[in-house]
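*Asks:* Listed below are the residues making up each chain.
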Amino acid sequence: MKHARLVWKNLTRNKRRTILTSLSVAVALFLFAALQSVLTALAASTEVGSESRLITRNATGITFPLPESYTQRLRGVEGVGSVSWANWFGATYIDSRNFFAQFAVDAESYFPMYPEIAIEPAQLEAFMADRSATIVGRGLMEKYGWSLGQTLVLQGTIFPGDWEFVIRGVYEPDNPSFGDETMYFHYDYLYENSGRRATPGWFILELSNPTAATEIAQRIDDDFENSTAPTQTETEKAFQAGFVTMWGNVAFLVRAVGTAVFFAILFVAANTMMMSSRERVGEVAVLKTLGYKDGLLGVLVASEALAISVTGGVIGLAAAAVLLRNNPAVSSILPGYAVLPSTIVQGIVIAIALGLISGFLPARQAARLSVVHALRKVA
Amino acid sequence: MKIPILYNLRSLRARPTSTLATAFGMALVVAVFIGMMALSVGFQAALVKTGSTDNVLVLRRGADSEMTSGISRDVANAIAAYPFVARDAAGQPLVSPETFVVVGMQRRTGGMANVVIRGVSLAAFDVRSGIRITEGRAFRPGSGEIIIGRTLVERLPNTEIGASLQFGGRQWEVVGHFEAGGSSFESEVWGENELFMPVFRGQVFQTIALRMQDPEAFDGVAETLEADPRLGVDAHLERDFYANQGTLLGGLLRFMAVFVAGVMAIGAVFGAINTMYSAVDSRANEIGVLLTLGFKPRSVLASFVVESMMIALVGGLIGCLMALPINGLVTSTTNWNSFSEVAFAFRVTPGLLAAGMSFALIMGLIGGYFPARRAARKPIVEALREVGS
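From first to last, the protein sequence lines stand for chains A and B. 1 is the number of the first residue of the first sequence in our numbering; add one for each residue after it. 1001 is the number of the first residue of the second sequence in our numbering; add one for each residue after it.
It is possible that part of the hints are untrue.
Unchecked claim - Derived lysine-lysine pairs resembling DSSO-like cross-links, with alpha carbons at most 30 Å apart:
1) A:Lys15 x A:Lys2
2) A:Lys15 x B:Lys1378
3) A:Lys2 x A:Lys237
4) A:Lys9 x B:Lys1378
5) A:Lys288 x A:Lys15
6) A:Lys143 x A:Lys237
The hints are simulated quantities; they were obtained by calculation from the structure and are not laboratory data.
Bound-form chain B, shown alone:
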């Protein structure tokens, strides 16, 4: 027969300090785990969202980042003419040949930020996914106007609409701000490719982003492009290309999260073991009574493990609550593939909260098992004798 959970609840309430101290220890472990994972998840999400599965990103053969790629106008035209390229209502190919440079700019808070200056064609707003002008308007071709990603506006001076930003040896007028669903585009400055070309790297594009007519056809598209001897390019599924840029750092952050929280958890579990042993020792008489009443040792074991897991449950919940406020907090790091700064938000996902809770419950389980086993093995006589003492 099972021992009612109410028994455990009341026992925990009888020693609130001890229960809460143990729970808080676990809560901090859970909070650190969720917090650090949210950093990794946020960084990778920003890069994954940058790419779409409908698009192909074309780079010069062997180039591993937009930075190092170079594609001539002829090649760009040849690619745009392929039939697998989607077209808009007016029959124009959905292709954005882009220039890509990283420029050093002064931050509002001092220090330099490496900012991506992306030159796009107007088709880019249809090709690239989720770009939305939040304020002002898009740049007009031929006008020396630029638009600024949402997170950059907060970090760089002279990014307000109507202000002008200095780079590449001239002034550019800011006419709009845009968002891109939290992707790394929000850390970029966009302007017209044809105007950026002569200013930066001469008559060459860096990459070509194109929308496929049939998103399922990527394998065939890549094969065709890579086999065309005129081109000398590699074709990547846009989603995979950007996601890959984050695997190294994202993996490092994830490793750190597991390492730090894992080591910390050892300490918290020791605390839980102490607490539960103390609970078992001080309730020897109660255990004796339970056993005398005919409760099976198995039930006593389960009861104490459940009690420990209840502490862990409280700890896990507090930990989740502590971690929640960091959701959406924006921080930045560097995408080392292109030496550019990427701003991204911590992302506390439901999955992470669930992982944090499981983490807590495992701590509770381990912390409760050995003390509970001792409780279950107590001979009745000895347990009841302690009552008299």
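So that you can see chain A by itself, here it is in the shape it has in the complex:
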């Protein structure tokens, strides 16, 4: 520990350089946290899908609906507790840039199946009593400044015309990754006002025994194989995961960019360490003459690099944790976007690696320095 003072003196000798290098590491770790959180948020969004619920949809494609008559048949499948259904409404609110998801749901069976959607009982009651009622997420309420009892007009795209809804309830998700920017309304309202054209987009089945999910899903699909609309059934979790893959290879993109950031800052940090050590050749030679061991001198140089890098890393990660929290612009695209503790830990590890690698060359140089040669240079 007695050498800590020496390391500290060296660090503060050229304050500007130390600070700038530290800040460039901070920038790198900030970016790492921002990018890695995209991946963790995507992963979390598949986790909100339950494994005890099955989704049955049209095997031809996600945009093809299913006949309403399937409800009864699905209820009869052994192992299936309750059956609900929903449909994608896809209407526009004022302008197509105001995108949010709207689901027409069979409220009586849907909300009991989703404890994730927390609604005050009085509001749920008001919603159930009103055919044109809607329940919207807290995030949507805030984004558009809506209030309870307000009437919304949406322009149908799949189901043409102007649609009026009265906000009767606000839900809060139990998990931020579930998202709070969705609108739910009565399936019956859609059915009646679409000229009875709407049929369920997909069915949600609650299983009495989740461990049999795969087997039940297979049985359902076999059962409907020769019907007018063959089905594809999978756990809600798998269904969600399918949506995430639709973005494309996000993981690869993020890793490629992350690697580039790492190396860019590695060049910056390593270069700084080399510059510092070049300027101190004479001192190292003197220390060696005084009997300092090669190994110790190497360690001193490396600790300096490590200190710069870890300080920068902590600053960058802290900034990310603070600045990227509750960012409404990001969370409406990626619900639950947040810097996780595991990301912070990984970031620290990366900062340590950055410090060690950038300190390696100068440390080795210091350790291998030939005293005679170095002192001659000083003279």
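Given the coordinates of chain A, assemble chain B onto it according to the supplied hints.
*Replies:* Same frame as chain A, but now just chain B:
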């Protein structure tokens, strides 16, 4: 008087590690910037190219994608009869009433892809721009034959000519492959509209693509179609319609590119500042000599800024070289308007390379300015005294 650039060149060569490390830091920033922009540009280009400015795309009023639209046969016939519709040599209207569905298909690599199955009339090959059969032939009407877009062939099994593809409850024989200038049509399966209709969504088309006799007349055409009470349709300029489908995601990607590269650039600029300060400090004596010889402080400032920008120039060039190989690389994402997968190529355009170079030079300018100012302000006496020390 200006200090010769040769002086800077030699100075840079005197400390190659430091110069290269700084340049590589900047190179990676430039490469990331160009790479991410190439993703955005490629995606938008694929959609923009899908539409032509000579064509009108007609959708049911209020529909925002081909997916959600629906147009009856009567309406299609009424539209084809309008005089502003271009006609081919035989006098047939250049109109393609199309069916559009998105079907889930197994990828070669596993997982499901949402593939557009487009039912067209034979006129579509004249209406839609740049469609070219690269292998095999076009489908024959009434035969249950299909042709496959170029990028789909690589991604889906059973798309070779002579193979048959299963969807909509029956088998379809693949008779040709086609390209469409890199547009999103290359991610689609095409067959005859009349055969797809009963299989999928019944007796209804989704959209009508028509070639205008006079491409300048779009405003009038749209007005006429939208005012016709029999139709109940919206008319879009085809180019604008498809381009709009990409604005949201394209904009998001562009924002990401600027955000990531911008933040990264801060780090690289700090590196450049360090390097240049170190250069200024270790060359205090040289600066003293330059000033004594009568070079103006202004010239010294310019000289060091130029030196920093030379490092940036090297970095920018390396960055461009690193980004070039991704040009043409095919990737895919989803067009969320229709829930369909779109394959597209990264596009490293000359404009992007120029933007990357400018980005590098700005980094060099900022990174060099403060150290250069210090060099220029050094009092001669102090600078020369350092020589003795």
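*Asks:* Would you mind marking each hint as holding or not holding in the structure?
*Replies:* Checked hints:
| no. | hint | in the structure |
| --- | --- | --- |
| 1 | A:Lys15 x A:Lys2 | holds, 22 Å |
| 2 | A:Lys15 x B:Lys1378 | holds, 20 Å |
| 3 | A:Lys2 x A:Lys237 | violated, 56 Å |
| 4 | A:Lys9 x B:Lys1378 | holds, 26 Å |
| 5 | A:Lys288 x A:Lys15 | holds, 25 Å |
| 6 | A:Lys143 x A:Lys237 | holds, 28 Å |
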